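With chain D held as given, fit chain G onto it using these hints.
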Amino acid sequence: MGDAAVIVSEFLRDAPSGEFMEVVTDVRTLLGNDDLLNSVAPQSFREYNLDQMIVVDTPKGKALVSKFNEVAGGEYLDPANGQVFGFDHIKGTVSGSRAIGGELDGEIEPFRKALEGAAQAYRDEHYPNGGVGVFSSREGGQFVVTVALSSALFNPKNFWGGRWRSVWTIKFKPGGGNADVKGNLRIQVHYYEEGNVQLNTNTEKSKQVPVTDAASFAQAVFKTIAAVENDFHAALDKSYGTMGNTTFKALRRALPITRKKIEWDKITQYKIGGDLGGK
Amino acid sequence: MAALDFALDLMRRLPPSNVEDNLAKLCDLVPDLIEDLLSSIDQPLKIAHDNETRRDYLLCDYNRDGDSYRSPWSNKYDPPLPDGAQPSQKLRTLEIQANEAFDIYRDLYFEGGVSSAYLWDLDSGFAGVVLIKKTQDQSKQGLPMKGTWDAIHVVEVEEKKPQSHYKLTSTVMLSIETATDQTGKVSLAGNLTRQVEGDAAAAKPQDHIANIGRLIEDMELKLRTTLELIYFGKTKDIVNQLRNATGTSITKTRDAQYAAIAGAVKK
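These protein sequences, in sequence, are chains D and G. Counting in our numbering, the first sequence runs from 1 upward without gaps. Counting in our numbering, the second sequence runs from 280 upward without gaps.
Isolated chain D (complex conformation):
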């Protein structure tokens, strides 16, 4: 039954944003083996939530659940609200909260906190429905600050939903030089009234920002992030125009070149490559 476990995990992994439980219900009914489902559930549910970067309600405010702030054993660091909270992936519920105890890196903290402030302002400006989390780590001799942005809307009554995810990784050494600012932007949209239509985008961006004091650096980083994301958003809008006006029309005309619907009683009088009365 090894194959069934893999297939089930992959179906769960590919559930569109906001429809995870519907996919679980379908899979559970088709599989007809709750033991098998229960054996893959803990890992599958957790991996899905981390990849989605779900935004959850804690008693202290909204917070992200992602691999960047996972502490251990179902606990997630939430520096903005000054807590570490527990999250049960199977139940989908927040379970308890405690004070932060050594999970923050003192040396990086001034930068992380400044970037967090700038990130929240950026989120307020551009992602009114979104959540943002800013977390620190180290890599080699460098400071790393990760900005995770997750903005989702679900409207099952009207058969649609979607999520925009941005992950910006800022790598630098304090005191000078340039920071490597790398972004991964992913958008998924699903429309499913009498059909199944999905938009999926995935892109990588890369910039350099000079390292200065924490406050100025944070502003400069987010000025860059805003510019890059605005450019991408505008390019996507423009692509929509081209796809709709050029590619779509080249696939199928709205009407034949005669600009009239076909006269079916006379269909045999049309000639391939000509029009009615054919040459």
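Worth double-checking, as some hints may not be accurate.
As the list claims (entries may be wrong) - In silico PhoX-like pairs for lysine-lysine, Cα to Cα no more than 20 Å straight-line:
no., chain 1, residue 1, chain 2, residue 2
1, D, Lys260, G, Lys501
2, D, Lys249, G, Lys425
3, D, Lys238, G, Lys425
4, G, Lys325, G, Lys355
These are computed hints drawn from the structure, not numbers from a lab. Remember, predicted model here, so these are calculated numbers, not experimental data.
The following block gives chain G in isolation, referenced to the frame of chain D:
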């Protein structure tokens, strides 16, 4: 709800760009449902070549017998199948006319692509499927965009006087993708299904083709309009709700300005 309904619900949620893989996985997971799954889940159409008539044709469950497929042009199976399922003589005549008519339809609307029509007998009439496939690759024109249109129109005809009854179920699968430095990979993929029923007189057998043709033409027009609205309108609107490109502070300032102007104009 039957197991098949859960399978169809699942296929309405999984990424449409992976339909072939997902269908294969479903067949592995629920082998009892294989027949139902293969006949109710639409996949992008595959093209085969009929060497005898030197024409392309499309493959589906309705022209398949075992592992062989019947060409609508030569009426022969590939690989050869001497006892392969065939439409009756009378129906084959109609099938030839249907293929000619829809070949013209395809040329007028798609200016390219491949079409095929297959008919089979029913107790009170007959049924048929009209398939159309068109692909477009614009990378040669300097536009990094590709698209595919797959249409599957299944019609049931109940032959009666004074009017025959037609039931049409149509699915169009549409996928468009692009990849540029500015946008990265963008993929819009999916399918829509609609049904319509109608009555029309058919004094002679070939009148059925005109009646079916009108139903399909109207149906594709509706589907094309809806696809355009959803793909290039609705999904774009949702992206713009996920992220506000202008910025909420600017939007608020603008809204306040509009309110002030509206207030001043009223006075």
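- request: Run the structure past the numbered hints and jot down the numbers of the failing ones, going up.
  value: none
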